[in-house]
Amino acid sequence: MRSKLFVPGARPELFAKALAGEADALSFDLEDAVPAERKADARVRVAEFVGSDPVRMAAKVVIVRINAIDSGYFQDDLIAVARDGVALLNLPKIESAQALLAAIGDIERAEAANGVAEPIRLLVNIETPVALAHAAEIAVAHPRVAGLQLGLGDLFEPYGIDRRGIANVHAAMFAVRMAAAQAGVFAVDGAFADLSDDAGFSAEAGMSRRLGYIGKTCIHPRQVALANAAFAASDEELAAARRIVAAAQSAAQQGRGAFVVDGKMVDLPFLKRAQALVAAAQAHA
Amino acid sequence: MRSKLFVPGARPELFAKALAGEADALSFDLEDAVPAERKADARVRVAEFVGSDPVRMAAKVVIVRINAIDSGYFQDDLIAVARDGVALLNLPKIESAQALLAAIGDIERAEAANGVAEPIRLLVNIETPVALAHAAEIAVAHPRVAGLQLGLGDLFEPYGIDRRGIANVHAAMFAVRMAAAQAGVFAVDGAFADLSDDAGFSAEAGMSRRLGYIGKTCIHPRQVALANAAFAASDEELAAARRIVAAAQSAAQQGRGAFVVDGKMVDLPFLKRAQALVAAAQAHA
Amino acid sequence: MRSKLFVPGARPELFAKALAGEADALSFDLEDAVPAERKADARVRVAEFVGSDPVRMAAKVVIVRINAIDSGYFQDDLIAVARDGVALLNLPKIESAQALLAAIGDIERAEAANGVAEPIRLLVNIETPVALAHAAEIAVAHPRVAGLQLGLGDLFEPYGIDRRGIANVHAAMFAVRMAAAQAGVFAVDGAFADLSDDAGFSAEAGMSRRLGYIGKTCIHPRQVALANAAFAASDEELAAARRIVAAAQSAAQQGRGAFVVDGKMVDLPFLKRAQALVAAAQAHA
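Note that the protein sequences, when read in sequence, are chains A, B and C. Here the first sequence is numbered in the numbering used here, starting from 1 and rising by one per residue. Here the second sequence is numbered in the numbering used here, starting from 1 and rising by one per residue. Here the third sequence is numbered in the numbering used here, starting from 1 and rising by one per residue.
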């Protein structure tokens, strides 16, 4: 999920184009991108589209961001979109394990009502200072949590924190990454608002990739190629990873645990990382 | 409170000059700047001055830093200075919510004894590693807490942590800022010891401002202008904020939630930030 | 303990050379550097060597890294090496205070069985995201804990976190340093895998030193001189510290608390730091 394209739920004319594009994941939004008077229509249009044959047959991760628990739209959103074909429900404004578990209770009821075959997994947004402090607690609270998504706009703007300060961005990214790692779930990077600043997008994506994030949210189709490039391993990284995997096989045959590759001492954690890189490259090849 | 000038309580000859200066806030110190044999005199002189007509009529935030709870001076400090006219009591060496609540009990008794009209709000120093770990817990513990102040000297020096390392400074600043944001209180930056290093002062002030701190402590009057400059919005920032506020009005009339200004997608958190910048500029104009 | 040289327990031919070298501390490893079929032999050889006269008479800090509690080797390691002459037991893969206390119970029993004169102190590795979140809780859990050691390989590699990103490294270092400071224990930096990259080693050592770490782990003898250099105070730092100590004596005679040295306001935390630097320089002179 290198690129996760944001698709406004109130603009169904964009759906087919998004599906035809290069994004690894599509995230249909029922929340902030949809004004109050369009909420009902948007959820019907999104539900219809994500249940359609072209989407079911596409190799895309299908995500729907629903409205917050206390928004007044949450239950109706669930009844509409907690359905087979949705890989991840994206939950905004979660600030505690307790709030998450309450939401999951509602999701279970909606899935039962809809006859969903398999529990839908959750992508939980971490987008307030309180949520950031509780991010690990939220991530470990329930096995439905598949990943955490960092939301820097909400985390920084109301508090006057400058997102152009890369140290600011890094500190928030690191905290969410460690919380996700504690729970063994993935972390995915949020949106980058400046549509004209490709270098800024790529810099932020590079930073999150170096922190082990799996991909970045795109709010415009032109950002998709940037994200796909940023989260792909370079040829050099791949070659180094392959040398480590090969050396590990030799070392194992010789009964040794640690060994040196390219002048670096390699032991188990390095080997696991190399194996993961090689496997990811094969998946996208 | 862009600039918060530190005024040693044992040097009453400096009080009038501080009052006449450009600092937004004056912080009279009864703690580290006052040797043991001057404590009694200093608290009388500070109480006298902050209760005087020139101070009451000045547009300054009046702060008094009192001695720590376990210092042996705390109760006498409170009886002397927990009085109308003091906007903020600055509490040093608080390390837990429990310690804060104990201090507040004493403050309430002193206010009752002094017939204080309105509870005095608190500026709590975060200046030890234990306090940093508990900063959010401290900030949310009581509605009297108005803000947190980062104290890097005490936080870093005893542990051999180099303050010239800007990554070190940023990590501590970010932690205190997030704790304050969790509680919805302000964060204000601490002192910068090197009186001859204006560039260093401004760099640190710039870093805390980009983290949404409201101002910086000055230990010499010459630092006041630097702080006032660092925490003022630039003309460019203000102009951008005004464009966002104007565009929001148009968008609202057209029933749209998110909109693009200067090539950036703007939604609610960005709008709130812009509105706050415009309001702050008007307050200082 | 500026330099802490890693000595594989399964390679006794290296022991005497390590002892003759310039490392302040020797860390004999029974864990990852020793394959399963060599575990029994390695612990005997290490126990024998660390109990020998040359080691007892050397001015080295003797450390043994034993296998993890749940490894199946832990009890046998303890019986072999929980003996007088070992200054620190290095515990890997501790993730909670509870796990630490369980390990200490076993250590106490082994010490009693071995008739150890004085409880052996512990160096606890912080090397997983869960451990990082609990590092302060671990450090304060028992007075046997002498220090925390950051293990970046295990902390970063399995999660795809790039260690060449210095912001990544700094964030983990800062977290461990603050946890150690909360407990009043030391922090020591972990290994640097790339044996051919002296500049990289020195950069990482410089970063941890500026965070108040006391030294760095070396996995090759050639890294020892780099570590010793990185953690020594410069002549300039020492001279400045001596000026502060001297000025403090004058100020004390004049009854003043804070004073200015080299243009910087100096108060108690700065003085303590200067005194520590002067004392450390005398210890290594």
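Treat the hints with care, since some could be wrong.
Repeated chains share a single entry, so a pair holds when one copy, or any two copies, can fit it.
Within a straight-line C-alpha distance of at most 27 Å, the following computed DSSO-like cross-link-like pairs (lysine-lysine) qualify [said to hold, decoys possible]:
hint, residue 1, residue 2
1, Lys272, Lys17
2, Lys93, Lys39
3, Lys264, Lys17
4, Lys93, Lys60
Think of the hints as simulated: they come from the structure by calculation, not from any bench.
Taking the hints in turn, this is what the structure says about them:
no.	hint	result
1	Lys272 to Lys17	neither (38 Å within a copy, 33 Å between copies)
2	Lys93 to Lys39	within (18 Å within a copy, 49 Å between copies)
3	Lys264 to Lys17	between (46 Å within a copy, 22 Å between copies)
4	Lys93 to Lys60	within (25 Å within a copy, 38 Å between copies)
Checked against the numbered hints given earlier, the structure breaks only hint 1 and satisfies all the rest.
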